[in-house]
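Asker: The primary structure of each chain is shown beneath.
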Amino acid sequence: MKRKKFTSRKTTGDLIFDTVNAVLLLLLVVVTLYPFLNTLVYSLNDPLDSVKGNLYLWPRVFTLNNYTVILKQPSIYTAALVSVLRAFIGCLLNALCSVVVAYTLTKKDFVFRRFYSYFFIFSMYFSGGLIPSYFLIRDLHLMNNFLVYILPAIVSAWNIMVVRSYIAGLPASLIESAKIDGANELKVIFRIVVPLSMPVIACILLFVAVGQWNSWFDTMLYCANNQSLSTLSYELEKVLQSSMTISQQNSSANALLPEKLRNVVTPQSTRATMTIVSIIPILCVYPFMQKYFVKGITLGGVKG
Amino acid sequence: MGKSGAAASQLSGRKRNGNGGFAASCGGSHKRFSERVFEQKELILLTLPFVVLLFVFNYVPLWGWIMAFQNYKPGLGIFQSEWVGLANFKALFGDSEFYIGIRNTLGISILKLVTGYAFSILLAVLINEVRVSWFKRTVQTISYLPHFVSWVVVSGIVYSCLSTDGGVVNTVLLHLHLISKPISFMGTANLFWGIMAGSDLWKEVGWNSIIYIAAMSGIDSSLYEAADMDGAGRLRKIFHITLPGILPTVKILLILSIGSILNVGFEQTLLLSNSQTLDYSQTLELYVYNYGMEMGRYSFATAAGIFNSVVSLVLVTTFNKLSRVVTGESAF
Numbered sequence: 000m001k002r003k004k005f006t007s008r009k010t011t012g013d014l015i016f017d018t019v020n021a022v023l024l025l026l027l028v029v030v031t032l033y034p035f036l037n038t039l040v041y042s043l044n045d046p047l048d049s050v051k052g053n054l055y056l057w058p059r060v061f062t063l064n065n066y067t068v069i070l071k072q073p074s075i076y077t078a079a080l081v082s083v084l085r086a087f088i089g090c091l092l093n094a095l096c097s098v099v100v101a102y103t104l105t106k107k108d109f110v111f112r113r114f115y116s117y118f119f120i121f122s123m124y125f126s127g128g129l130i131p132s133y134f135l136i137r138d139l140h141l142m143n144n145f146l147v148y149i150l151p152a153i154v155s156a157w158n159i160m161v162v163r164s165y166i167a168g169l170p171a172s173l174i175e176s177a178k179i180d181g182a183n184e185l186k187v188i189f190r191i192v193v194p195l196s197m198p199v200i201a202c203i204l205l206f207v208a209v210g211q212w213n214s215w216f217d218t219m220l221y222c223a224n225n226q227s228l229s230t231l232s233y234e235l236e237k238v239l240q241s242s243m244t245i246s247q248q249n250s251s252a253n254a255l256l257p258e259k260l261r262n263v264v265t266p267q268s269t270r271a272t273m274t275i276v277s278i279i280p281i282l283c284v285y286p287f288m289q290k291y292f293v294k295g296i297t298l299g300g301v302k303g
Numbered sequence: 000m001g002k003s004g005a006a007a008s009q010l011s012g013r014k015r016n017g018n019g020g021f022a023a024s025c026g027g028s029h030k031r032f033s034e035r036v037f038e039q040k041e042l043i044l045l046t047l048p049f050v051v052l053l054f055v056f057n058y059v060p061l062w063g064w065i066m067a068f069q070n071y072k073p074g075l076g077i078f079q080s081e082w083v084g085l086a087n088f089k090a091l092f093g094d095s096e097f098y099i100g101i102r103n104t105l106g107i108s109i110l111k112l113v114t115g116y117a118f119s120i121l122l123a124v125l126i127n128e129v130r131v132s133w134f135k136r137t138v139q140t141i142s143y144l145p146h147f148v149s150w151v152v153v154s155g156i157v158y159s160c161l162s163t164d165g166g167v168v169n170t171v172l173l174h175l176h177l178i179s180k181p182i183s184f185m186g187t188a189n190l191f192w193g194i195m196a197g198s199d200l201w202k203e204v205g206w207n208s209i210i211y212i213a214a215m216s217g218i219d220s221s222l223y224e225a226a227d228m229d230g231a232g233r234l235r236k237i238f239h240i241t242l243p244g245i246l247p248t249v250k251i252l253l254i255l256s257i258g259s260i261l262n263v264g265f266e267q268t269l270l271l272s273n274s275q276t277l278d279y280s281q282t283l284e285l286y287v288y289n290y291g292m293e294m295g296r297y298s299f300a301t302a303a304g305i306f307n308s309v310v311s312l313v314l315v316t317t318f319n320k321l322s323r324v325v326t327g328e329s330a331f
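Each protein sequence line maps, in turn, to chains A and B.
Counting along the first sequence from 1, when you hit position 299 you're at 298 in numbering that gives the first Met the number 0, and nothing is skipped either side.
Counting along the second sequence from 1, when you hit position 294 you're at 293 in numbering that gives the first Met the number 0, and nothing is skipped either side.
Among these hints, one or two may not hold up.
Unchecked claim - One side only, chain A facing chain B, incomplete, derived with CB under 7 angstroms: (1) F16; (2) L24; (3) V28; (4) L39; (5) G128; (6) P131; (7) S132; (8) F134; (9) N144; (10) P151; (11) N213; (12) W215; (13) E236; (14) L239.
Claimed, not checked - Keeping only pairs whose Cα atoms sit at most 27 angstroms apart, straight-line, the calculated BS3-like set for lysine-lysine is: (15) A/K186 <-> B/K236; (16) A/K186 <-> B/K30; (17) A/K51 <-> B/K320; (18) A/K290 <-> B/K180; (19) A/K186 <-> A/K107; (20) B/K236 <-> B/K135; (21) A/K106 <-> A/K237.
It is worth saying that the hints were derived from the structure and are not from the lab.
All residues carry an ideal CB built from backbone N, CA and C; glycine is no exception.
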């Protein structure tokens, strides 16, 4: 960014280029934001009226009913709580693991350094696959258990590698002097390494939290029978699937049953509302974490 | 060290062969191995839980591969299920749907790769050329946003944007008089690859451009100044300085992503596919899921999964080596 100085002379070519560039980027902004905005509009519009379609940027018949209906269901609160808990616990433990293992990997004289590196890196490129993992979870009695959200996600080789390249860039003298002052490894990690690595840790926290928040497939696979362990993303997925089936039946049956479909809420408005409910938390943390993750991905991205 | 320690040395044994073991690989210390372990007990104890967890959740499932050589019955378990040798693999290679799965996997993957690369580099160039910093920052912030939204949300958005009654894409196409009646995007099998590539592009283009923007900011500014002196225009500078400047990054990322070409994106495929598009949407991952979780043919599905994993690993290592030869950089 620094190299871009404003040159005093601006040619016509420059002007044309800048205009075309701005138009293209604005187009991108519109294409990115419009679907979200349109979903918001559908969630704020009267469901019966929404069926007519042609809603674009502004609700035609404004109502908060869709939200009241959804927020009245007790199951949505359990789901939200489970989502928050798994995001919170999951990201803290993953960050802890990433820092501790990454710090260990930066120690040149660590006895298992070579083994650890292979052990963690290999796992990035190889896994047993869906079926064996499913039976493992079953055999460990983690089915319908909250721990299934947490335990498999604690160790992420990818995050370890990202944190490692960050810690490797810290001045080694700091750690040495702490050692001389009698600090043990635990103290070194939490008093020196963690505070110095906050940017990359923040980035890991955000990634894992978002990943946990968005995760639905593990719920479907392992906790589908236990409503109290359902997550917001999975609830959204169920709504999505059911609205798909209904709309498919609808189109194949040549829209024979519009009257029957017209309940208080339609699948379409429920889907829109659930979507908005599930992305609001992400939109809330997103602006604060933004400045960190660019650094994080550039660090990790070079390696993969 | 206990159980995992034993497992650890077993696993590492293969890799240490020819390297002279730990003592040699750990530098010039003359202390005995056990002394060094004792000295570093804190670090070992701190990391032990994580090593065990990784072992359990990433390595133990490899044990489940035995299922592929059995007629696995969940009630009997691995020890009592009947051995069938390579029968599952034979059935797999004799199944015409399997080849359709391979075709779809490669088709979608290559389409995603090409469009993904082209557009994220284009976007990076466009963003890099913006001189007004608030505009630059705003565009960047907005372009990353879809990356943080789940595929569940995105697939909902895709369905509603592409719907035949009032979906925005059909509406726009109708207004531009490019089509005379709405296209049923989600119900047309041979549009599926395009929908996969398009939705992936929408979700990830901004995110993928980050790395190129970072690479561009590392280009020596004196090059641009010299080009200015010579009277080079903006496009000329892009084609002669910016693009060549990010070429090493482009090369290594391309080589590495070719290695993971069999991983199309399971969630995306599962959420966007439906019974009408099955001919073009059944990728290898979905094939494993359908046969394993839906039909309960566990052994058969595991065999398909093994095929996927092994081919992926071969591709990753081959292209990683290639990357080392071509660009001097590699992931491991």
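Asker: Which of the stated hints cannot be reconciled with the structure, identified by number in ascending sequence?
Answerer: Failing hints, ascending: 4, 9, 15, 17, 18 and 21.
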